[in-house]
Each structure stands twice: as C-alpha cells, then as structure tokens.
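Q: Residues per chain are reported as follows:
Protein chains: 2
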Amino acid sequence: MITLGVDLGGTNLRAARVAEDGALGAVRRVRLADRSPESVVSTLRTLVDEVLDQDGLTHADVLGLAVGTAGQIHGATGRVVVGPNLGWREVPFAAMLEEALPFRAIVVNDLSAAVWGERVVGAGAGADDVLMIAVGSGVGSGIVSGGHLLDGASGVAGEFGHTKVVPSGRLCGCGEHGCLEAYAGGHNLAARAAERIRELGHEGPLAEYHRAGRLDVEALHAAYLAGDAVAKELLGHAAELLGVASANYVTLLNPARLVLGGGVLLGCPEVARGLRAGIERYTSRSALADLEIALAALGDDAGLIGAGLLAYELLR
Amino acid sequence: MITLGVDLGGTNLRAARVAEDGALGAVRRVRLADRSPESVVSTLRTLVDEVLDQDGLTHADVLGLAVGTAGQIHGATGRVVVGPNLGWREVPFAAMLEEALPFRAIVVNDLSAAVWGERVVGAGAGADDVLMIAVGSGVGSGIVSGGHLLDGASGVAGEFGHTKVVPSGRLCGCGEHGCLEAYAGGHNLAARAAERIRELGHEGPLAEYHRAGRLDVEALHAAYLAGDAVAKELLGHAAELLGVASANYVTLLNPARLVLGGGVLLGCPEVARGLRAGIERYTSRSALADLEIALAALGDDAGLIGAGLLAYELLR
Chain G
0 MITLGVDLGG TNLRAARVAE DGALGAVRRV RLADRSPESV VSTLRTLVDE
50 VLDQDGLTHA DVLGLAVGTA GQIHGATGRV VVGPNLGWRE VPFAAMLEEA
100 LPFRAIVVND LSAAVWGERV VGAGAGADDV LMIAVGSGVG SGIVSGGHLL
150 DGASGVAGEF GHTKVVPSGR LCGCGEHGCL EAYAGGHNLA ARAAERIREL
200 GHEGPLAEYH RAGRLDVEAL HAAYLAGDAV AKELLGHAAE LLGVASANYV
250 TLLNPARLVL GGGVLLGCPE VARGLRAGIE RYTSRSALAD LEIALAALGD
300 DAGLIGAGLL AYELLR
Chain S
0 MITLGVDLGG TNLRAARVAE DGALGAVRRV RLADRSPESV VSTLRTLVDE
50 VLDQDGLTHA DVLGLAVGTA GQIHGATGRV VVGPNLGWRE VPFAAMLEEA
100 LPFRAIVVND LSAAVWGERV VGAGAGADDV LMIAVGSGVG SGIVSGGHLL
150 DGASGVAGEF GHTKVVPSGR LCGCGEHGCL EAYAGGHNLA ARAAERIREL
200 GHEGPLAEYH RAGRLDVEAL HAAYLAGDAV AKELLGHAAE LLGVASANYV
250 TLLNPARLVL GGGVLLGCPE VARGLRAGIE RYTSRSALAD LEIALAALGD
300 DAGLIGAGLL AYELLR
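Protein chains in written order, with numbering that gives the first Met the number 0: chain G, 0 to 315; chain S, 0 to 315.
Hints are computed from structural coordinates only; laboratory data are not their basis.
Backbone N, C-alpha and C define an ideal beta-carbon position, used for all residues, glycine too.
Take these hints with a grain of salt, some might be off.
Computed footprint of chain G on chain S, listed as stretches where at least three residues anywhere in the stretch have a Cβ under 8 Å from a Cβ of chain G [what the hints assert, rightly or not]:
1. 137-148
2. 168-175
Take a look, some chain S residues computed to stay more than 10 Å from chain G by CB distance [unchecked claim]:
3. Ile-1
4. Arg-44
5. Lys-163
6. Arg-210
7. Glu-269
8. Ala-271
9. Ala-288
Given the sequences, and given the hints that come with them, work out the whole structure.
A: Here it is as structure tokens:
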C-alpha cells in the first residue's frame, strides 16, 4: 500500500505517490483554473488517476490521501475553516474527497505537513520535538511535540507570523497591527522597501530594482549585498525581530531541532544569520542547551512528502 | 487502587491520597529540615505511611505516586536535571523513590502537575487544549495540547517567565536579561518597588510599607488601590508586558482554555484585568475566537491533585 501526498496552493495543485520511506514516486502538477471546492475535487481526481497510471498502480493500492493547504483546518474532520489563498470558508474538504474517491482522506495545514515531512525524513529526522519556522512571502511555523503534530483547539496553532512584535505597529495583511509577518514576510518587505524609497527619495541599487518593477526579496538581498542602506535597514530589522520572537518560541516549546525554511531565510543568509544570533542571545539557557538548528532539507517537496507520510501515520 | 500526589517545594513537602475523580483523601505536610535527596526520600516514605494509615490503606492499595516539583525534569526517567529551590542537579529522583517504596513513581514539573489538575477537574475541565499561566513569586506556565502534557525535548517547555520581553533589559534571577519574570514576578516587583522608592525619593503608601519591612505583592496591591504612583507604574507595566506575551503565547498554541493562576494574578485583579485586555487586543483573531479564559479553580492543591491524576493517566 502507498499513500498520496497533495499540496494544494492558491495557484497550483500537486499530487504525488509517497513511499513509506518518504521517497516520491510519480508527481503531477496542474495549474488551478477554477478554485471552487467542487472543481478542485474533480481536478484532483484526475491528477490522482494520472499519478497511479504513471506508476502502474490502481485505487486498490492506495492506503489513503492527505492534503496540505494554507489556512485554518479542523484536523479531526478535515474541514477547511478558512483557506485564504483559495477563498474558502467552511469547506468539508476531506468529506468531499472521500465521497469522490474510494479511499480515506485527511486535510492538514501546509506547514503541519511540511514539519511532519522534515521531522520524519528531513532536517528534523530522529527528533520527537521539532519546530519549523518558515519565512517566505508569509511567516509561519509547524510544531511536532512529543512525536505529535500540534494543531491547537481550532487548527490555528503555530501562527508565528501573527504574533505581535511591535504592539500597535504596521498594518498586516491579516487586518491586525504589529504582526511579525508585517516586518519579516517577503510581501511586506517588498512593500516596505517601496514605501521607504518614496519616503526618503532614496537612490541606489534598490531604487533601480523598484523602477524596473522587480522589487522582491531577491532584489532586496542583491541590494543588501551591494551595500544599499534601505535594504540593510529592512533586512536588519526583520532579522532582529525574527531573532527575539524565535528565541521566545524556542523557550516556550523546548524543541530538540529547529528547522528554518522559506525563501527569505534560505535566500537571504544574512537574515538567517541574524535569526540564529537572536536565538543564541535570547533563548533561555536551559532550552538552548539541547537545541540544534538546521536548514530545511526537503525544499518545495516538504509539504507533499509530509502529507504522504502523515497519511501512513494517521490512516493505518 | 488509589494514587498519591506529592508537592515538593523548597520549604514544604506535602503528600495526599488522590481519588480518580480528583478528590483529596488524607493530606499530610511537613517542613523540610534537610533538602538532600536521600533525606527527602526518607521523609516522603514516612509521610506516605501516615497518609495511608490515616485512610486505613496499605501499600498494596497504591497504584503509584507522582511528584510535582519546580525545575527542569526529564519526564521519561523522572530525573530532576535542575531543581533550583532544592539545590538539586541530576538527581534520579523517580528511581530513588521506586527503590524506597514498593510502587511506581513519576516526577514532573510543578506547573505540569498543576495544569493537569486544572485540565481534568478544575478550570480547564472538558478541554483537550489548556494553557495555564501562573504569575506568583515567579512566572511560569503549563501546557496540555491535544490531551497530552507538553514538556519539550529536555523538560523545560513552558518557561514563560524567561521569554524576553525587554531585550537586554533588567537582570532576572536566572542570570539572563529582560525576562518577563524580571518585570512581572512577585519577587522582582517587590525589588523594583524598593529601587523606585530609593531612586525617586518616593513618599506615599508604598514607602510606608517599605519602611515597615513589608514590601510584598500584597503591599503593592494595597498601595495601588490607595493611588500610589509607583505601585501604579509597576503593576501597570507588568500587566502590559504580560498582556502582549500571553497574547502571543495563545496565538502560538491555540488553546481552548487559558487558566490564570498564582498570587499576583489572583491577588491583584488589576493585573489580571490588564492581562485579559492585552489578550483581547493582541491575540490573532482566529486563536481568540475559540478561547475561554478562567481563573484557576484548585488553588494550592492544583499540584497535589494534578500529580495524583497524572499517576492514574501514566501508570495504568
């Protein structure tokens, strides 16, 4: 028996056969033309058949399917309470999948899937207490504690990006003020860079990227390396806030392994370095003593692999 | 079969018979004359026999014993890695107890015992995700998530008092700077009050308590009610820092129930009110939506009751 791991984003849907050791078999990806739950179910049905065909398998070979997707998920029922990238609210997605497919289905938060993948066969392998912090376009986390995935009472545990680091500070995309994501998430970093360039009448590498319409995290990092003052200010501030917040997170959860992922941390080594320095400096000595920090090892496949491995864990 | 709950403090040792519904039978308390592990084991042996005698029971009626004590505990082996109030380091306490007594023994952190008690028969009853924040002479917490006690990779999860709220701020008793406990713990509040009185040449209710040698949390609260400016400044600042830190804690763990305990929160309603206001204001909307906040219901017995109930959970 094999499982199917599914990564459901706002733009793409990916499905893969996942072996028990985390190895990926056939992987298929499709761009979502229609994000309605009914359409996604039907697209996924086709994708599943393509994956199975490609590996010469049938429905009877499938133990079950697990979907990782961004948002607030009610784990026990697989209901997507809020799926911001899909515009979903209260979608009984696991039940819809089980109606359309002849095997069991579970739905989890995308970072829960990713941390589970990293924990079993990635940078957290061998540890029962793994915290994954991902800083990409947004800021999030996934928690494994005592060998259990931690999802909280209503499926929104680990919303690291929405902890408040500057009370009453900058407005975040979530509608609240002073969130970590408003200072350290990639979308917000780019938006703040554009603001600062305007405010200061700033000239230099970053302003050139801005004029060329290419003001993203990659541009910020290149400008940082070229000595641009605004890039230094913004990435430095992000790293400082991430450092204290991550240190406090480690103090509270006492993980054995902290896994760092996401485009900002993997693409801007200076930010990752600043975050690590903050952890060294601000984590309680007792929680720091047994902590190992590692970069995420599974890249974009963490969610696919983790979902497939979770299906083995939860459906058997 | 019954269990025995034990509360091992720096000054007193208490043992009680605990029924499966959390009801306490005989309770015995003794002042610790000698804090060496060997002496505590021998004192506890006597105490256990007194408790059993009083209720007409024998060793054969005991399923097991559980001890709650402050510090860093390695849960799987019951080793006290650091017991600050006892001056212990690396004491294999559960093993010593099992050698001296004819039944099994477990050792857990005191706030883990307390949150378990509150979760089963106290203010957290009925919930699988309970966070307990205790602000007394120190600041700490206990976490139940998904029905599991969360203790972290090395037994120091939940060190809420040692999260950093003023990076590089006031020196804490733990040797680090800017810890929440350095601003909101009872010992530190009293010490800061004495400092502020000296710095400002402050006169008023608080200064009178200081001269009388009675500058404690009770005095701070009385002075606050009498309009003392320093008392207002210190309790207000403590409540503000507690509010943001607690809100972030709730955002990360998404508990169904937040239980507030400890002498500062129970004795100074203004601080508890400020903490609640901070939670309302700074917690992510999604984690706040399903949160209930309650005052601790079991008082000083939470640790005793929780330890006894944990023994049922873990030793059967």
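Q: Now tell me, hint by hint, if it's right for this structure.
A: Hints and how they fare:
no.: 1; hint: 137-148; verdict: holds (count 4)
no.: 2; hint: 168-175; verdict: holds (count 3)
no.: 3; hint: Ile-1; verdict: holds, 27 Å
no.: 4; hint: Arg-44; verdict: holds, 30 Å
no.: 5; hint: Lys-163; verdict: violated, 5 Å
no.: 6; hint: Arg-210; verdict: holds, 36 Å
no.: 7; hint: Glu-269; verdict: holds, 19 Å
no.: 8; hint: Ala-271; verdict: holds, 19 Å
no.: 9; hint: Ala-288; verdict: violated, 7 Å
Figure legend: structure checked against the earlier numbered hints; hints not met, in rising order: 5 and 9.
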